[in-house]
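Colleague: Read off the chains here:
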Amino acid sequence: MNEILWLLLIFGIKAIIIISFVMLCAAAFVYLERKISAVIQNRIGPNRVGPFGLLQPFADVLKLFLKEDIVPKNANRFYHSLAPIITLGVAFSVFAIIPFASYLKIGDRVIHMGIAPNINIGFLFVLAMTSVGVYGITLAGWSSNNKYSLLGGLRSAAQMISYELAMGLAVISILLMSQDLTLTGIVEAQKGLKWNIFLQPLAFIIFLTSSFAETNRSPFDLPEAEPELVGGYNTEYSGMKFGMFFLAEYANMAAASAIISLLFLGGWNFPFIYEWLGFANGSVELVLVQLLVFLAKMLFMVFFFIWTRWSIPRFRYDQLMNLGWKILLPLGLLNILVTGIILMYI
Amino acid sequence: MLTDFGFILLYFIIGFVFVGIGILTAAVLRPSHPNPIKNSTYECGEEPMGGAWIKFNIRFYVLALIFLLFDVEVVFLLPWAVVYKQLGWFAFIEMIVFVVILLAGLAYVWAKGDLSWERPRPYIPSLRDLVVPKKD
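So the protein sequences, as listed, match chains H and W.
Letter by letter, the first sequence follows residues 1 to 346 in the numbering used here.
Letter by letter, the second sequence follows residues 347 to 482 in the numbering used here.
No wet-lab data here; the hints were simulated from the structure.
C-beta atoms are modelled at their ideal positions from N, C-alpha and C, and glycine is treated no differently.
Warning: the hint list may mix true and false statements.
Which stretches of chain W does chain H cover? Using the computed rule of at least three CB atoms under 8 Å from a CB of chain H, they are [unchecked claim]: (1) 352-365; (2) 368-378; (3) 385-393; (4) 427-440; (5) 448-456.
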């Protein structure tokens with residue numbers, strides 16, 4: 001009984017830390033997005049609220065809390081309210097299996113740095129959660145009873161399911177390398193400089209492109225293309241419900257960058273520094289260094305996401321479908337074939 | 347004893363409760379002054395024309411069907427990839443047979459033109475064409 005209480009206590013602390021981390025990430029990325037886009041476009045960006053405008057996202061969230069919630073009279077009220085809850089809830093749940101560092105050893109108790117990083121279905125969970133994420137956006141589009149929302153929701157559903165295939169195929173070649181489905185195992189297989197970005201460059205490109213499409217980020221942000229669809233699936237949303245879609249977009253970006261760093265950039269692996277520092281396995285110092293390395297890689301990927309958004313124009317819809325089905329899907333299969341043959345000879 | 351899945355379920359519950367608290371707090375704080383014009387459907391300031399729950403393009407359904415087939419394929423490939431090195435060439439050839447059958451399906455869909463978004467509109471003769479002959 002005592003053991004279960006301990007486990008629940010540790011779990012509770014981890015869950016609260018991770019959820020606040022995701023919210024903080026979303027707020028920080030909103031700020032980063034505005035500041036980086038300002039630098040790219042030769043502007044100043046937010047600089048009024050707090051030092052360097054750092055408190056701007058918190059002011060925005062507070063404002064959204066105080067705004068009136070307008071539900072159009074023709075909308076389906078139940079699904080209209082359910083959609084943002086699903087979208088943000090799913091964005092949180094991906095973080096359940098992300099390991100932030102290896103493990104911490106206190107006495108003879110091993111604490112994993114994540115809710116369930118060693119779960120046996122591993123990456124399958126991420127694929128499942130991204131599939132559920134489609135529901136949130138499709139429901140939002142349909143339940144608003146607005147033509148722009150419906151079109152945005154449909155586009156988003158079609159785009160996300162198309163690129164999910166390419167994403168899954170890219171991951172299979174990673175699994176062939178690591179022979180392990182858990183994310184911790186995939187990271188352990190990339191020790192030193194055996195990062196998958198060097199061993200599997202094609203899979204990296206496919207996965208990166210698909211995660212742009214999965215998170216509805218530019219150049220694949222057709223579901224909310226302003227010139228044609230006003231706001232896409234969230235046209236009829238206001239107040240905190242709109243804020244939830246907004247936060248979910250950035251939480252998804254955080255999840256995508258975390259997964260890319262785990263699968264391709266070696267997670268918390270970095271050549272030489274661990275040998276040089278020489279900390280013991282499971283010590284607090286080691287976990288802190290691993291956490292820093294992992295967060296640095298994640299932050300770089302987020303910067304890459306933002307950088308791309310402000311550098312590349314939007315695709316046309318037929319181009320997007322062609323890329324997903326006619327280029328990335330066959331390329332993914334080819335990559336698996338080549339990886340399989342090479343693995344047989346080494 | 348709780349398994350990993352139990353913890354994930356608990357985490358789900360905490361996550362959704364957190365989101366629910368957000369919605370409830372906003373419901374307490376925000377003002378509410380609805381009026382018929384504010385609550386009408388947004389159509390760029392014009393009067394909304396009809397509802398949005400209309401028939402939409404059938405191609406979305408076809409795409410969803412193809413997705414379903416290939417998603418199942420990906421799910422079958424995942425365990426295959428994990429035990430690949432232990433099974434050797436046998437597993438490799440088995441999987442090639444499986445993937446080639448599905449690829450034949452993809453080739454069929456591709457040739458039928460269901461993957462290309464821009465398709466010429468089929469010519470449907472109408473009464474008007476009989477009365478007023480087409481120029482070309």
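Colleague: A separate judgement is required for each hint: does it hold in the structure or not?
Modeller: Against the structure, the hints come out as follows:
Taking a C-beta to C-beta cut-off of 8 Å, the segment 352-365 of chain W contributes 10 residues in contact with chain H, enough for the three needed, and the coverage statement holds. Counting residues of the segment 368-378 of chain W whose C-beta lies closer than 8 Å to any C-beta of chain H gives 9; at least three are required, and the coverage claim holds. Only residues whose C-beta sits within less than 8 Å of a C-beta in chain H count toward coverage, and the segment 385-393 of chain W has 6 of them, enough to reach three; the restraint holds. Here's how the segment 427-440 of chain W fares: 8 of its residues keep a CB closer than 8 Å to some CB of chain H, so the rule of at least three is met and the hint holds.
Here the segment 448-456 of chain W counts 3 residues with a CB under 8 Å from a CB of chain H, which clears the bar of 3, and the coverage holds.
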